[in-house]
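Trainee: In case you want the letters, here they are:
There are 2 protein chains.
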Amino acid sequence: MRTVPIALTGFGNVSRAFSTLLGEKRAGVERRYGLRFEIMAVVMADGCLFSNEPLEIGPAPEKASRQIEKDPAWRPGMRISDIFKPAGRGGCLVECTPSDLKTGEPGLSYIVIALESGWNVVTASKGALVAAFRKLKTLAAGQGMSLKFSGATAAALPTLDVALVSLAGADIEGIQGILNGTSNYILTKMAEGLSYRQALQEAQGWGIAEPDPSDDVGGWDSAAKLLLIANACLDTDFGLSDVRVSGITGLPADYAAKAAAAGKSVKLLASAFPKKSGRGWGLEVGPSLLDDSHPLFHVNGTEKGITFITDTMGSVTLTGGRSNPRGAAATLLKDLINIYRDPF
Amino acid sequence: MRTVPIALTGFGNVSRAFSTLLGEKRAGVERRYGLRFEIMAVVMADGCLFSNEPLEIGPAPEKASRQIEKDPAWRPGMRISDIFKPAGRGGCLVECTPSDLKTGEPGLSYIVIALESGWNVVTASKGALVAAFRKLKTLAAGQGMSLKFSGATAAALPTLDVALVSLAGADIEGIQGILNGTSNYILTKMAEGLSYRQALQEAQGWGIAEPDPSDDVGGWDSAAKLLLIANACLDTDFGLSDVRVSGITGLPADYAAKAAAAGKSVKLLASAFPKKSGRGWGLEVGPSLLDDSHPLFHVNGTEKGITFITDTMGSVTLTGGRSNPRGAAATLLKDLINIYRDPF
Numbered sequence: 287m288r289t290v291p292i293a294l295t296g297f298g299n300v301s302r303a304f305s306t307l308l309g310e311k312r313a314g315v316e317r318r319y320g321l322r323f324e325i326m327a328v329v330m331a332d333g334c335l336f337s338n339e340p341l342e343i344g345p346a347p348e349k350a351s352r353q354i355e356k357d358p359a360w361r362p363g364m365r366i367s368d369i370f371k372p373a374g375r376g377g378c379l380v381e382c383t384p385s386d387l388k389t390g391e392p393g394l395s396y397i398v399i400a401l402e403s404g405w406n407v408v409t410a411s412k413g414a415l416v417a418a419f420r421k422l423k424t425l426a427a428g429q430g431m432s433l434k435f436s437g438a439t440a441a442a443l444p445t446l447d448v449a450l451v452s453l454a455g456a457d458i459e460g461i462q463g464i465l466n467g468t469s470n471y472i473l474t475k476m477a478e479g480l481s482y483r484q485a486l487q488e489a490q491g492w493g494i495a496e497p498d499p500s501d502d503v504g505g506w507d508s509a510a511k512l513l514l515i516a517n518a519c520l521d522t523d524f525g526l527s528d529v530r531v532s533g534i535t536g537l538p539a540d541y542a543a544k545a546a547a548a549g550k551s552v553k554l555l556a557s558a559f560p561k562k563s564g565r566g567w568g569l570e571v572g573p574s575l576l577d578d579s580h581p582l583f584h585v586n587g588t589e590k591g592i593t594f595i596t597d598t599m600g601s602v603t604l605t606g607g608r609s610n611p612r613g614a615a616a617t618l619l620k621d622l623i624n625i626y627r628d629p630f
Numbered sequence: 287m288r289t290v291p292i293a294l295t296g297f298g299n300v301s302r303a304f305s306t307l308l309g310e311k312r313a314g315v316e317r318r319y320g321l322r323f324e325i326m327a328v329v330m331a332d333g334c335l336f337s338n339e340p341l342e343i344g345p346a347p348e349k350a351s352r353q354i355e356k357d358p359a360w361r362p363g364m365r366i367s368d369i370f371k372p373a374g375r376g377g378c379l380v381e382c383t384p385s386d387l388k389t390g391e392p393g394l395s396y397i398v399i400a401l402e403s404g405w406n407v408v409t410a411s412k413g414a415l416v417a418a419f420r421k422l423k424t425l426a427a428g429q430g431m432s433l434k435f436s437g438a439t440a441a442a443l444p445t446l447d448v449a450l451v452s453l454a455g456a457d458i459e460g461i462q463g464i465l466n467g468t469s470n471y472i473l474t475k476m477a478e479g480l481s482y483r484q485a486l487q488e489a490q491g492w493g494i495a496e497p498d499p500s501d502d503v504g505g506w507d508s509a510a511k512l513l514l515i516a517n518a519c520l521d522t523d524f525g526l527s528d529v530r531v532s533g534i535t536g537l538p539a540d541y542a543a544k545a546a547a548a549g550k551s552v553k554l555l556a557s558a559f560p561k562k563s564g565r566g567w568g569l570e571v572g573p574s575l576l577d578d579s580h581p582l583f584h585v586n587g588t589e590k591g592i593t594f595i596t597d598t599m600g601s602v603t604l605t606g607g608r609s610n611p612r613g614a615a616a617t618l619l620k621d622l623i624n625i626y627r628d629p630f
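One line per chain: the protein sequences are H and G, in this order.
When you line the first sequence up against the working numbering, it's residues 287 to 630, in that order.
When you line the second sequence up against the working numbering, it's residues 287 to 630, in that order.
Pulled out of the complex, with its shape left as it was, chain H reads as follows (with noise of 0.2 Å):
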């Protein structure tokens, strides 16, 4: 048996659920894979929480911030570099906090500071590695650690473990993917006759969409993945700026519903594709129509799908995974037990 130590950063539903799910799962994983995650710090901006006995996090409680002091393992001033140096190398990083898609932060720091630490990192939150892709898969190869992001990448959606490893050895000639769950329900609610503002409320009402919810129908999050998911199995090293960016808030009040009677979908497609000059690639995210024989013609509602296209292998087609909390938790555990499982 192996056991890991966990530092969790981010205190939010999708931290929660990973320490709900790691309780649930620590004897399956342990049977299964020898494996035991013992989640010794919860690092917050102004403490952590910190215990030499491994923490069990419950639920969200109503004032989550408020009751972290009342916490018996609350250490008020204590900094996420005053548990990676001293506990050695080979623990995990498991960063969640919010993404800011511009900035990186906080979760760029925590990244970095954790691999320089000689820990690997598993990160369900976009923003670090949006900002600083190259600057941290350099850092993290030089320093021989691990740094995976599938909860960064539409979740439980298998992307990237799709791409790097069932495709290893493939060339990627294109890719194509529904990577927001947001913009498809609204698009797929659109083609049953609601207008985009009927569409966006019930999406918001069934707590799909967010009170703001520019990100997902502004095109951003997907292009956030996209770009992520480029640079991780092209190599590239794109920026939000080199996405072409449309969303789906200007489209015509019946565009989708006309297409949909015409036997078309409409689809928020996140594509990246071979350049016409045959150098480089380039990466768009804006409504397409597509014909029934499109792989993605079928994804409708909240689901996300992704087809990768290769030389040697064909076409292949991902759809489904679970986009809630748990769904984000599981996947974190995934990319964790796959960095640290024996080779198969």
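On the chain G side, residues computed to face chain H include the following (Cβ under 8 Å): (1) D447; (2) A456; (3) M599; (4) G607.
Derived by calculation from the structure, the hints in this document are not laboratory data.
Note that the coordinates shown come from a computational prediction; the quantities given were computed from them, not determined experimentally.
Quick reminder that beta carbons are idealized off the backbone N, C-alpha and C, glycines included.
Starting from the structure of chain H, add chain G where the hints point.
Mentor: Okay, now just chain G, sitting in the frame of chain H:
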């Protein structure tokens, strides 16, 4: 750069496609993975092609078996054990002999000798694993060797990788697959109004169906793939006789066409499901009527697909992947790379 010696068993379309592919991909694999795969022997029943230089094997000549004895590298009477032992540990057997689902031979003996000699194994051939799954997995684990068989479980459609890597830590609660392209092609054509006989003849005309199609249309090819996927992913130890198999030959002539008219689709579905008793798994292959909400409903023609239902990640579906010898060869190369590449 790490050089990996390869011994190839079988001299048919897949092993030749593999050799060709290796030549084409050499520079890319060296650059991307730091790996150089060199074919040092092709093992036949009555001798080996063997040279101290890496072998290059071209496309199949008209009369392959007669020509091989004229090759300057032909060593009559040389046996597989003459290759592994002197070469030391750490090479890889690439097993491409025809599948005998009952005895597993000749692949079974080749794989045992390879593992006992400290060689890893990747195989495109189902026979040995269907006949002796537990024995081979136990032997591989005891020797600390990898035994990979993506090529035996729907080839370029990633099945094992997704279950073992992308769904690591999740509990698989059910598997459903369309694992045989020939029978799916025939069913697709029958849905369009052809009779079974017409559809089969068309498939044979295109080279999709074998002259003797009984393994494909009888469900045995699907059953073999299903039990390998189940044994690998569910830690079971099933043999072919544990799978309830019915094929597509006994379907009423207009069954698929009537289903299509009613908005449904007939698929030869391979399923693993928990037994109603709550203990253990049931495996079944048989024609199933799917409605259009099923994720495999739209898998038509020679395409394959698989759905994994999990506890934490929802349901994940894969479709596509090339089925021809080149697709199988690319799948062998993928498994090879994943055995020897550095962790990432």
